[in-house]
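**Student:** Going line by line, the protein sequences match chains E and L.
Each residue of the first sequence is one higher than the last, beginning at 19 in the working numbering.
Each residue of the second sequence is one higher than the last, beginning at 77 in the working numbering.
No wet-lab data here; the hints were simulated from the structure.
Misleading hints may appear alongside valid ones.
[Said to hold, decoys possible] List of simulated lysine-lysine pairs, PhoX-like, C-alpha gap at most 25 Å:
no., chain 1, residue 1, chain 2, residue 2
1, E, Lys280, E, Lys338
2, E, Lys205, E, Lys185
3, E, Lys264, E, Lys280
4, E, Lys182, E, Lys152
5, E, Lys264, L, Lys331
6, E, Lys261, L, Lys302
Please read these numbers as outputs of a predicted model, since none were measured by experiment.
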Amino acid sequence: MKKFSLALLSVLMITSILLAGCSGASGGAVIKVASQSPLSGGQSSVGVDIKDGADLALSQLSDALKAQGFTVQLAPYDDQANPDSGVANAKQIVADPTVLCVVGHYNSGVQIPSSEVYHSSQLANVSPANTNPKVTDRGYVEVNRIVGRDDMQGAVGAQFASSKGAKTVYILHDKTTYGQGIATFFKSKSEELGMKVLGFDGTEEKANFDAILTPVVSANPDVVYFGGMFDQIAVFIKQARQKGYKGMFLSDDGFDSPEAAKIAGSGLTDGNGTYYSTVSGPAKLYPGTAKFQTDFKAKYNHDPLPFAAQGFDSMGICLKGIEEATKANGGKLPSRAQVATAIRALKDYQGITGTINFNSKGDLVQAKYFVIQVTSPSPDKWADNTIAQTLDLQPPQ
Amino acid sequence: MKHRFLASPFYKGIIFPLAQMLAFILGSGTVLSLIIIVLAFVLRGTAIDQAAVAKNGTDIMRYTIDNLPQVLIDGVTLGFVYAAIALGYTMVYGVLEFINFAHSEIFAIGAFVGVEFLIALNNAGVLAGASVLVSYGWLVLAIIAAMAASGLVAVTVERIAYRPLRNAPRLVPLISAIGVSFFLQDAIRLVESLTTGEFHRIIPSFGNFDDRISLLNITLGAFPLKIDLGVKSLWVIVAAVLMLLILNYIVNLTKLGKAIRSVAQNQSVSSLMGINVNQIISLTFFIGGSLGGAAGVLYALKFTRIDPYVGFFPGLKAFTAAVVGGIGNLTGALLGGIVLGMLETFAGAYLSIFTMGAFGAEYKDILAFAILILVLIFRPSGLLGEQVGQKA
Chain E
19 MKKFSLALLS VLMITSILLA GCSGASGGAV IKVASQSPLS GGQSSVGVDI
69 KDGADLALSQ LSDALKAQGF TVQLAPYDDQ ANPDSGVANA KQIVADPTVL
119 CVVGHYNSGV QIPSSEVYHS SQLANVSPAN TNPKVTDRGY VEVNRIVGRD
169 DMQGAVGAQF ASSKGAKTVY ILHDKTTYGQ GIATFFKSKS EELGMKVLGF
219 DGTEEKANFD AILTPVVSAN PDVVYFGGMF DQIAVFIKQA RQKGYKGMFL
269 SDDGFDSPEA AKIAGSGLTD GNGTYYSTVS GPAKLYPGTA KFQTDFKAKY
319 NHDPLPFAAQ GFDSMGICLK GIEEATKANG GKLPSRAQVA TAIRALKDYQ
369 GITGTINFNS KGDLVQAKYF VIQVTSPSPD KWADNTIAQT LDLQPPQ
Chain L
77 MKHRFLASPF YKGIIFPLAQ MLAFILGSGT VLSLIIIVLA FVLRGTAIDQ
127 AAVAKNGTDI MRYTIDNLPQ VLIDGVTLGF VYAAIALGYT MVYGVLEFIN
177 FAHSEIFAIG AFVGVEFLIA LNNAGVLAGA SVLVSYGWLV LAIIAAMAAS
227 GLVAVTVERI AYRPLRNAPR LVPLISAIGV SFFLQDAIRL VESLTTGEFH
277 RIIPSFGNFD DRISLLNITL GAFPLKIDLG VKSLWVIVAA VLMLLILNYI
327 VNLTKLGKAI RSVAQNQSVS SLMGINVNQI ISLTFFIGGS LGGAAGVLYA
377 LKFTRIDPYV GFFPGLKAFT AAVVGGIGNL TGALLGGIVL GMLETFAGAY
427 LSIFTMGAFG AEYKDILAFA ILILVLIFRP SGLLGEQVGQ KA
């Protein structure tokens, strides 16, 4: 009996070792594109859609690479909108040699430290949503983005407030790199345009805004500008309206999410309304997105949220870059540095959000900025918000 | 001979505790208002005043008085929430001489149960068309559900994590409590993230909770005086007062309460008197836990958004409040809660303008904890605590 069980054990061991050895893809090599966005936590609704947009692009646009015998996979990571998680994931990503490109992040404060890790391994990073100038100002050849920058976005916001006749403005931010960054740009442009800045405060508070609201409501500014993310700003707007503030709210692209309407409801349309500047317009603006919208809805059962289309395009750019690098490498698997150079060198990439060309820093040569007005307290009508202003701007040199 | 009225349950059960609460509110409100008005008076004409005029267009005295009514109301509301949570800490300490650090998570569980109940009702379409009274009814139901859930969790936690350690050195159950606190935080996060990836919850809007009732809208000479009260704040205050009255009744006017007080005084002698000590301790945890749960729903109502870590700061501040008032003393918890709530709201509203923006509103917590340190240095047993000598 003992001899039999010993024999059985050794047979099982050998089989499992053989099976483990056979786990690689049969045929060509594996190429992975990683994605990093918040998949859990308060901003996960948008983060999951960025990942899903990238996944959709992978299923639709990887034919050229498949024809060359490669298997292409998505490796999604959850950065929880937290810089520490982002960096920890980044270290895992660069340790996996099959990852040739990263689509991410959603929060600039997470992208900036994570991209230091990507840069040390020359891993290409295409960002669908990061707007802080520091993302590309460091001049890394690996980092590119397909949206505009906050120094332009903040200025656009300030000019819009001024054009609406605002004389006084109270500025708040959420103390993150992104929120504080764009609030600072808004502030300098406001002062330039002659508007009076009544206050500039940062807060990490997510629920009890009583203390912050007292000076804001008593100062009664024409505009309250809040640089930050929708989950915090919407609660603030709701409480501010309850305290009797009737002026205009102005925010940034972090506010762009139907969750804001779910939280604040009619607070957004009361008084002088709520506006936000953004670098990603509603999907109907972009001619190529009709098919994307139907495909996304068919696969994931809901309309794509803001930045999902950018997630799609970022993945498309990654795949195109890998394709070009493979061709230049004679059909063999390219190195990460080669992929990064190929992506930067792309000319007139036809994405669903427009034609994409990168300048020497990795910014778009020309980017669109929008100021959008919230027209309905219903979250289902978020995509129908009216566009108050559209601008095409070049980044600062 | 004691006047019959003074000994009647009506007086002892309703008039006296209400008078006590009113005295605490008026006392702390008056003291803090006087301090801030005197400060504003002294600072007239200084650089701080000029900075205030530059920023708001009103001088510092005007700013102080304009905001005072609203700050007082917010302070009372917050104070009652802290008092309700502090009572949980203080009751357990009174009976077991042990700080239940998991109480902040009991508060969070109550908040989540109440909010999930309301969200489920909202998804079923029941809340949208409900009239004002019906929506009040639903809220009461949510509070009761939260109280039951929190009470049960508190009793379970006591049974599993504290009772086996009852004879261990004092530090051991304390560490166990901290461990339970972490466990519950992540348990809430796990359960909440099962449906969507998000683990925060927003309380749905229903009834007339978003309205404000205008109490006063007059012009005193050159000063327009406008005081309005949010329906939510009114609800929080009324609900908290009711709960505190019921608690006072249970603890002071029933046989059960007498048993709790006797176990708090001396556990071994109480068991000699025929009291089932384990049962009484479980009951204490249940009552304290359900109060915390109700406070959770009220907190969610007032502040809209809750996440699994919502218990941490209010729990810490309520614990501070219990200590400031004298831990182990129910009236002390009430006083401590109100004082701390008032202090925090005053600090939050006035700190920024009185320091010319050097200290923003987020430094209000420093003030609350500084008071804790001062009280512990100069009056370690708290404002209403007995001066207990060193136990042998």
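**Student:** If any of the earlier hints don't hold here, list their numbers in rising order.
**Tutor:** Numbers 1, 4, 5, in rising order.
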